[in-house]
Structures are given as C-alpha cells and as structure tokens.
Amino acid sequence: MTTTTRPVRAPYRFADLPALMARMTGDEKHALAASSTLDVLWVLYDRVLRVTPDLAEDRDRFYLSKGHGPMAYYAVLAAKGFLDPDELDTFGSFRSRLGHHPDRMLVPGVEISSGSLGHGLPLAVGTALGLRARGLDEPRVWVLLGDGELDEGSNHEAIAYAARAGLDRLRVVVIDNHSATQGWPGGLEARFAVEGWATARVDGRDHAALAAAMNAPESGRPTVVVADVDEPFDHH
74 MTTTTRPVRA PYRFADLPAL MARMTGDEKH ALAASSTLDV LWVLYDRVLR VTPDLAEDRD
134 RFYLSKGHGP MAYYAVLAAK GFLDPDELDT FGSFRSRLGH HPDRMLVPGV EISSGSLGHG
194 LPLAVGTALG LRARGLDEPR VWVLLGDGEL DEGSNHEAIA YAARAGLDRL RVVVIDNHSA
254 TQGWPGGLEA RFAVEGWATA RVDGRDHAAL AAAMNAPESG RPTVVVADVD EPFDHH
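Start counting the sequence shown at 74; every next residue gets the next number (this note's numbering).
Hints should not be assumed to be uniformly reliable.
[Unchecked claim] Below, a list of computed lysine to any residue pairs in the SDA-like style, where the Cα atoms sit at most 20 Å apart:
1) Lys153 to Asp119
2) Lys102 to His141
3) Lys153 to Arg86
4) Lys153 to Ile185
5) Lys102 to Asp162
6) Lys153 to Thr125
7) Lys153 to Leu128
8) Lys102 to Phe164
9) Lys153 to His280
10) Lys153 to Ala92
11) Lys153 to Arg177
12) Lys102 to Ser189
13) Lys102 to Ser252
14) Lys153 to Ala129
15) Lys102 to Ala253
16) Lys153 to Asp131
17) Lys153 to Pro126
18) Lys102 to Thr163
19) Lys153 to Asp127
20) Lys153 to Leu122
21) Lys153 to Pro84
22) Lys102 to Gly165
23) Lys102 to Pro91
24) Lys102 to Gly188
25) Lys153 to Phe87
26) Lys102 to Leu190
27) Lys153 to Glu130
28) Lys153 to Pro91
29) Lys153 to Arg132
[Said to hold, decoys possible] Here are the simulated distance ranges between beta carbons:
30) Ala289 to Ser227: 25 to 31 Å
31) Leu209 to Ala284: 22 to 28 Å
32) Tyr234 to Ala289: 20 to 26 Å
33) Asp303 to Met178: 32 to 38 Å
34) Phe87 to Met178: 28 to 34 Å
Don't read these hints as lab results, they were simulated from the structure. Beta carbons: idealized from backbone N, C-alpha and C, even for Gly.
The whole structure should be built from the sequences, with the hints applied where relevant.
Written out as structure tokens, the structure is:
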C-alpha cells in the first residue's frame, strides 16, 4: 500500500503576498485600503510581533482598527500559518469565515472585530490596562490605524489618556496615505507628541525603516510610528 503526502511548502516571502491577495475578489473598492497596509502588516508579523497560531497568554496583541479591506491582513495571516491559504478563495462568500470585515469569533489570529472606524485604539488602551492589572508586563499591544480614523473623537480621547496612564506597552502604527480631512500642524504625529507619546515617521514601504522604528528601545511612554504611504502598492 502506498501513501502520498502533500509536499511541504517553503516559507512564504513578502513577494508572495500579492498572489495571495489576488485570490480574494469581490471587495475591489477597498483594494487600496488593503494594499496600503501590506508592508506594515508584513513587517509586524515577520519582525516585530511575539505571536504564533497557538496564541499563548503572554503573546503580544495586534488590533487591526483599519478594518476596511482586510485582504492584506488575511494574506499575511495565511502566510504566517494562522490560515490555510486555500481558504482565501472563499473570501466574502456565503458561510466563509473571511468576511469583508474581520471577525474575531471566526478568523484565527484576529483579536478584535473591526470595520467601524475609531474603535481599535480605545480597545487597545483597555487591553493594556487589563494586562497590567493582571501582572502581564511583557506583552505589547499593537494597533494599526488609518490617518482618516483620526477624524474620530474616540481616538483622541484614547490618545490623551494613554500617556497619562503610563501605558508604555502600547504601540500604534498609523498608515498616513493623506486621506484625513483634518490637517494636523506639524504632521499627525504632533497630535500624539503633545499628549506625551514617543513618535517616529518613516517611509511606509521601507521594511528596514519600519522594523527599526517598531523595534526601537523602550521609551517609558506609549509609542506611535507614522508610516507614510504616498503611492498605492502595485499588485502587478
């Protein structure tokens, strides 16, 4: 009797992600919202986050607040072993776990359901407080925001509170594709700096610069990294 086994696939690379994203169709209106996050998501999961599919209690937490167009998020989760890549073909279909907004009750690795903008950072503030109260000092809480989300007042309440509460394990990445309706004097990072946050601005397509900013030494304050994304990702 002979048996066959599925060949072991080589680890995915960043260059494989466009093909994974291309397997998901039906939400093309959010394609740019998705592609603007792809580099940041890859660097987070490849070089920064302490998280694996077993979701150990002392893991880092990652909250995708920018929940419109989650194709890049699903592609990265598939590349990192949280999802079977073949499941990407079911995106948006009846009974699929992969909806047009990520659902934490359905999608492995997703920590919060998102899509209604302005919720991720306030939830992350609460999580950081909860982890500290439980004595879990190692996990960091990461949030990915879009610059347009900073038009939401809930984010500004969270920004103002976080540094005053000493939430030094809180980390925010803002995708700045210049879609916000309000102009912030000194750049949107100035809104965080005035409240006591550590800040950095980097090229949102430069993986080395993103990794360096995200892995910068602890400052004793919450930290924001603004990822400047001027041009859409080229899927072709």
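Results for each hint:
{"no.": "1", "hint": "Lys153 to Asp119", "in the structure": "8 Å, holds"}
{"no.": "2", "hint": "Lys102 to His141", "in the structure": "10 Å, holds"}
{"no.": "3", "hint": "Lys153 to Arg86", "in the structure": "10 Å, holds"}
{"no.": "4", "hint": "Lys153 to Ile185", "in the structure": "18 Å, holds"}
{"no.": "5", "hint": "Lys102 to Asp162", "in the structure": "18 Å, holds"}
{"no.": "6", "hint": "Lys153 to Thr125", "in the structure": "8 Å, holds"}
{"no.": "7", "hint": "Lys153 to Leu128", "in the structure": "13 Å, holds"}
{"no.": "8", "hint": "Lys102 to Phe164", "in the structure": "15 Å, holds"}
{"no.": "9", "hint": "Lys153 to His280", "in the structure": "17 Å, holds"}
{"no.": "10", "hint": "Lys153 to Ala92", "in the structure": "15 Å, holds"}
{"no.": "11", "hint": "Lys153 to Arg177", "in the structure": "17 Å, holds"}
{"no.": "12", "hint": "Lys102 to Ser189", "in the structure": "17 Å, holds"}
{"no.": "13", "hint": "Lys102 to Ser252", "in the structure": "15 Å, holds"}
{"no.": "14", "hint": "Lys153 to Ala129", "in the structure": "16 Å, holds"}
{"no.": "15", "hint": "Lys102 to Ala253", "in the structure": "18 Å, holds"}
{"no.": "16", "hint": "Lys153 to Asp131", "in the structure": "19 Å, holds"}
{"no.": "17", "hint": "Lys153 to Pro126", "in the structure": "8 Å, holds"}
{"no.": "18", "hint": "Lys102 to Thr163", "in the structure": "18 Å, holds"}
{"no.": "19", "hint": "Lys153 to Asp127", "in the structure": "12 Å, holds"}
{"no.": "20", "hint": "Lys153 to Leu122", "in the structure": "12 Å, holds"}
{"no.": "21", "hint": "Lys153 to Pro84", "in the structure": "8 Å, holds"}
{"no.": "22", "hint": "Lys102 to Gly165", "in the structure": "13 Å, holds"}
{"no.": "23", "hint": "Lys102 to Pro91", "in the structure": "17 Å, holds"}
{"no.": "24", "hint": "Lys102 to Gly188", "in the structure": "14 Å, holds"}
{"no.": "25", "hint": "Lys153 to Phe87", "in the structure": "11 Å, holds"}
{"no.": "26", "hint": "Lys102 to Leu190", "in the structure": "17 Å, holds"}
{"no.": "27", "hint": "Lys153 to Glu130", "in the structure": "19 Å, holds"}
{"no.": "28", "hint": "Lys153 to Pro91", "in the structure": "15 Å, holds"}
{"no.": "29", "hint": "Lys153 to Arg132", "in the structure": "15 Å, holds"}
{"no.": "30", "hint": "Ala289 to Ser227: 25 to 31 Å", "in the structure": "27 Å, holds"}
{"no.": "31", "hint": "Leu209 to Ala284: 22 to 28 Å", "in the structure": "24 Å, holds"}
{"no.": "32", "hint": "Tyr234 to Ala289: 20 to 26 Å", "in the structure": "22 Å, holds"}
{"no.": "33", "hint": "Asp303 to Met178: 32 to 38 Å", "in the structure": "36 Å, holds"}
{"no.": "34", "hint": "Phe87 to Met178: 28 to 34 Å", "in the structure": "29 Å, holds"}
Of the hints listed earlier, there is not a single one the structure fails to meet.
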